[in-house]
Amino acid sequence: MGALIADTLQGPKIQWFALSPVLVLLGGALVLLVASALTPQWPKRAYASFTAAVGTAVVVLGFFLWHNIDTHGPSKLVANSLQFDKMTVWVTITIAVAVVLASFVTDDYLRREGLDGPEVYALYMLAAIGGVVMGAANDLIVLFLGLEILSISLYVLAASHRKRIKSQESGIKYFVLGGFSSAFFLYGIALIYGGAGSTNFTNIVGQFNAVVQTTRHNDALVLAGVAFVIVGLAFKVSAVPFHFWAPDVYEGAPTPVTAFMASAAKAAAFAAMLRVLLDALPHWSADYRPVIWVLAAITVVGGSVMAVVQTNVKRMLAFSSVSHAGFMLVGVEAAAHQAGQVAQGNGRPSVLLYTLVYSVLVIGTFGVVTAVSRTGDGATDLGAFRGLGRNRPFLAMGMTILLLAQAGVPLTSGFVAKFGVIRAAVEEHSYAIAIIAMLAAVIAAFLYLRIMISMWIAEPEAGDDQREPVRLPALLVTAIGLSVAFTLVVGFFPNLLIKLAP
Amino acid sequence: MNFPILTMLVLVPAVGAVIVALISNRQPDVVKITALLVSVLTAGMSLWVLFAFKKGNPGFQFVSEHMWIRSWGISWHLGIDGISLFMVVLTGILFPLVIVGVDPHHDHKRYLSWMLLLQAGVMGSFISLDLFLFFVFFEIVLVPMYFLIGGWGYDQRIYAATKFFLFTMTGSAFMLVGIIATAVIAKADNGKVTFDLIKIAEHGSFAAGTGRWLFFAFAVAFAVKVPLFPLHTWLPDAHTQAPTGGSVILAGVMLKLGTYGLLRFGVYLFPEAAVWARPVLLTLATIGIIWGAIAATMQTDLKRLVAYSSVAHLGFIVLGTFALTTEAVTGGVMQNVNHGISTGALFLLVGMIYERRHTREISQLKGLQKVAPIFAGVFMLVMLSSIGVPGLNGFVGEFLVLIGSFATSRWWVVVAATGVILAALYLLWAYQRVFHGEPDDDNRSFAEIRWKEGMLLLPFLAIIVFTGVYPKPMLDRIQPSVKVLIQHVEQHSTWHAPAVQGGEG
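As they're listed, the protein sequences go chains A and B. Residue numbers in the first sequence follow this note's numbering, run continuously in steps of one, and reach 887 at the last position. Residue numbers in the second sequence follow this note's numbering, run continuously in steps of one, and reach 539 at the last position.
Rather than coming from a laboratory, the hints here were simulated on the basis of the structure. Even for Gly, the Cβ is constructed at its ideal location relative to N, Cα and C. Heads up, some of the hints might be wrong.
[Said to hold, decoys possible] Within a straight-line C-alpha distance of at most 30 angstroms, the following computed DSS-like cross-link-like pairs (lysine-lysine) qualify:
no., chain 1, residue 1, chain 2, residue 2
1, A, K461, A, K471
2, A, K471, B, K226
3, A, K884, B, K226
4, A, K884, B, K506
5, B, K400, B, K486
6, A, K699, B, K197
7, B, K517, B, K89
8, A, K471, A, K558
9, A, K429, A, K551
10, B, K221, B, K517
11, B, K221, A, K471
12, A, K884, A, K461
13, A, K884, A, K429
14, B, K404, B, K89
15, A, K551, A, K699
[Unchecked claim] To be clear about the criterion: a stretch of chain A counts as covered by chain B if any three or more of its residues have a C-beta under 8 angstroms from a C-beta of chain B, and this derived list gives those stretches:
no., stretch
16, 812-820
17, 828-835
[Unchecked claim] Facing chain A, according to a computed beta carbon distance under 8 angstroms, are these residues of chain B, among others:
no., residue
18, S105
19, L210
20, V314
Produce the complete structure using the sequences and hints provided.
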């Protein structure tokens with residue numbers, strides 16, 4: 386009987402080692418959920434430490450996988466549906482680092498808000514699986530699968546602060562708009578399938594001449610599909626004009642979750658964008674490149690301009706994250722010039738470098754916001770930062786370094802990231818977009834200055850003494866410290882990272 | 035291997051800044067002494083560089099080169115020639131004077147830490163021979179200056195600091211793209227991407243159109259920094275609102291990053307484009323001279339007056355730079371230092387007036403000469419140096435600029451020369467209103483110059499008189515490098531600099 390089934394159903398070969406990051410994350414999430422359901426409340430820091438350990442294990446596995454690719458070269462996994470190359474590993478490590486740092490930030494927050502439990506951590510790990518799959522996908526359907534795993538986890542995470550109505554609101558908003566964009570994306574996949582005859586990246590590229598170019602109407606079908614897919618992806622990376630969810634969701638979601646969204650989810654979304662545009666659709670690069678150009682331009686400018694007029698720091702950082710997405714799009718635009726070429730140019734590495742650098746930066750930044758928002762997670766207006774320089778000088782100094790890095794001041798990782806994408810753009814002669822992006826960075830700098838002014842310079846006001854003091858729990862400090870250290874080390878010795886970026 | 039003196043010039047203040055920041059707040063004296071020691075050590079090293087500098091050698095000396103970011107072709111490449119030598123020395127000696135002489139009144143630790151970091155940044159900018167490295171220092175300087183103005187300035191300090199930051203960063207945005215484009219385009223000439231200034235300048239060959247765009251990208255950044263009309267509007271605000279120490283540094287060395295940059299990264303890198311852009315830059319410089327002078331005349335605030343006079347003076351430097359003769363450029367380089375000394379001293383004096391009277395309004399001050407004759411005398415001397423009276427330092431530089439520019443840019447010089455007269459007008463008129471007449475009740479108690487203030491001003495006065503009477507040692511060191519630069523321009527463009535008779539200052 387068993388022999389019969391084996392004859393009729395040929396299962397694909399599974400490369401367990403290459404898939405180990407996903408398996409470890411999945412195992413971690415399941416173990417955490419099951420074990421914590423069967424045991425009483427774990428002692429403090431236990432949930433976070435467990436999650437961080439899983440994340441660290443993934444990072445370590447990532448190093449082994451990297452070495453494996455170094456020696457054996459890249460390959461395709463599970464019936465050609467996943468890619469196993471350095472970009473996959475890079476994205477995996479980026480997301481795993483985000484999981485570790487985000488769980489550190491989350492730990493004390495949950496206890497402070499009276500919400501301590503394993504659910505948030507399990508969702509981090511599940512979301513991370515989605516992100517890793519998106520970064521590894523070699524098939525549009527698989528990519529969509531990853532996208533949904535990530536998104537659904539995030540919808541729940543956004544609404545996870547049960548006591549704050551804003552958190553519920555943000556979850557619903559994200560869910561409705563996210564579902565909308567997923568529908569766009571899925572419809573785009575269907576159209577591409579209709580035109581190209583496959584959802585597999587390799588086949589789409591391979592059948593370009595056979596199907597798309599020879600059959601009438603098929604090219605138009607694919608083009609429409611490309612448009613829909615770009616809309617779906619632009620929503621996920623929160624590019625203007627598909628960014629409207631970002632400020633509301635970022636503001637409403639629990640601050641550590643916002644940190645996770647801005648880092649892991651953004652990294653995954655950009656990985657997906659690179660995969661779809663460069664690996665699956667290189668033949669249409671001449672068609673979508675102008676679209677990406679426009680998206681990049683309005684995203685950097687729009688994000689920066691709208692960030693400046695905010696008074697809530699979480700909203701500011703949400704718009705600043707939109708502006709950063711614009712910078713990454715500048716890199717995507719540069720990469721699109723070389724789509725499908727053997728020599729890929731510096732576009733893709735610059736975007737991947739940017740996502741890693743920004744992930745670490747933004748978690749550190751939101752980590753500080755988590756500390757400052759105090760019990761109730763409500764004190765996130767600019768005034769909440771007043772006097773931080775006097776009362777918590779080291780925290781304020783760390784925040785200053787992180788903000789300067791976001792502004793792109795030299796000797797920080799943020800400058801290295803910006804330099805990378807601008808260089809990639811200039812190499813492809815996209816001078817205009819490079820200058821637009823840099824000028825937008827000046828506008829955005831004003832926003833970071835406002836936060837710094839509030840911390841260091843603003844005069845104390847009546848009632849400041851009555852505020853709850855900013856607490857600095859150990860794990861949160863660890864997360865912020867690691868983030869600041871990474872920012873400075875990469876800023877001073879960028880070669881360590883640049884030479885690795887795939 | 036030689037002692038890496040230039041690396042130390044950057045590292046000592048940078049490390050000092052970190053050390054000062056880490057000392058406990060409860061030990062203010064330790065903070066002050068540490069900061070002073072660090073800055074004196076840096077000053078000592080910069081003076082050593084001055085004496086060890088070989089004066090016949092026009093090339094870069096004390097060169098130190100190490101790979102920094104291999105993947106991008108960026109190296110830690112430092113060096114000094116006659117054009118940067120005196121800026122380095124000025125940076126070295128101005129900081130300890132400011133640190134010891136100007137009291138920030140609160141948060142000494144943070145103030146001193148930012149000061150030292152600022153020194154590291156300014157120093158680094160003047161000695162970098164790598165485009166990327168230069169940009170790093172050029173940008174990093176913004177941060178401490180922003181906090182100095184914002185944290186220790188006067189009423190409108192946040193507005194002024196933000197304006198300063200954003201203006202400069204806008205210029206830098208263009209420059210960063212320009213730097214990357216320069217390196218990428220010069221790849222064809224160098225075989226690989228490099229950000230090395232000398233390699234690009236010597237081997238790079240840019241098509242005229244490309245070179246002009248790149249020059250423009252650099253020139254915008256430097257024009258903001260100088261500041262050149264019409265990008266100068268941040269300067270009066272920044273100067274007026276900055277604490278005295280900040281103003282002295284801002285006028286003394288930071289504005290010079292712009293004029294120095296125009297010479298080193300504009301003219302040297304893109305000679306053809308510099309020659310092409312001459313008329314525009316000369317015109318803007320001349321407008322700046324006249325505009326700054328007229329605006330200075332109209333000011334009611336003494337500090338703002340000095341700030342506008344800076345716009346005028348820096349116009350002269352840019353005029354000299356783009357006259358593109360050895361004499362004019364030498365004069366411009368020299369004027370960089372002279373302006374730093376004179377205007378730095380003027381800001382110190384204005385700061386002292388503010389300390390005593392808590393106002394800088396000219397109308398509130400009267401008859402100070404009667405109650406504080408020595409103070410008035412010192413002010414007079416510094417002011418005359420700023421006007422450019424023969425025998426003092428300002429004259430040498432300004433005269434060289436004017437005489438050197440006359441052959442190549444006659445009509446601009448004719449207009450600019452009236453700026454000298456206007457400088458006499460606004461400064462003498464201000465002096466007359468502040469120091470002459472009978473002091474009223476508020477001004478009768480104006481204290482005479484104190485020991486400490488006198489010792490602080492003494493080095494300034496010494497340099498003013500020494501350079502005015504005997505400028506030869508300075509010129510001997512500046513001129514060879516400038517000559518080589520002008521030859522470089524002549525080789526790489528159609529430019530031909532005429533010899534100026536009797537211009538061998």
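Hint check:
1. A/K461 x A/K471: Roughly 12 angstroms between the alpha carbons, so the hint for A/K461 and A/K471 holds.
2. A/K471 x B/K226: Satisfied, since the Cα-Cα distance of roughly 25 angstroms is no more than 30 angstroms.
3. A/K884 x B/K226: Holds: A/K884 and B/K226 sit about 16 angstroms apart, inside 30 angstroms.
4. A/K884 x B/K506: violated, 50 angstroms
5. B/K400 x B/K486: The given pair, whose Cα atoms are some 24 angstroms apart, holds under the 30 angstroms limit.
6. A/K699 x B/K197: holds, 24 angstroms
7. B/K517 x B/K89: This hinted pair holds, its Cα atoms lying about 13 angstroms apart.
8. A/K471 x A/K558: The hint is violated at about 35 angstroms.
9. A/K429 x A/K551: Distance ~26 angstroms between A/K429 and A/K551 Cα, so the pair holds.
10. B/K221 x B/K517: Answer holds: B/K221 to B/K517 is near 28 angstroms, not above 30 angstroms.
11. B/K221 x A/K471: Cα-Cα ~28 angstroms, so holds.
12. A/K884 x A/K461: holds, 24 angstroms
13. A/K884 x A/K429: violated, 40 angstroms
14. B/K404 x B/K89: With Cα atoms ~47 angstroms apart, B/K404 and B/K89 exceed 30 angstroms; violated.
15. A/K551 x A/K699: holds, 13 angstroms
16. 812-820: This one holds; 4 residues, not fewer than the three required, reach chain B with a Cβ under 8 angstroms.
17. 828-835: Since three or more residues must qualify, the claim that chain B covers the stretch 828-835 of chain A holds, with 3 doing so at under 8 angstroms.
18. S105: Hint holds; B/S105 Cβ to chain A Cβ min 4 angstroms, cut 8 angstroms.
19. L210: holds, 6 angstroms
20. V314: violated, 20 angstroms
Checked against the numbered hints given earlier, this structure breaks hints 4, 8, 13, 14 and 20; the rest are met.
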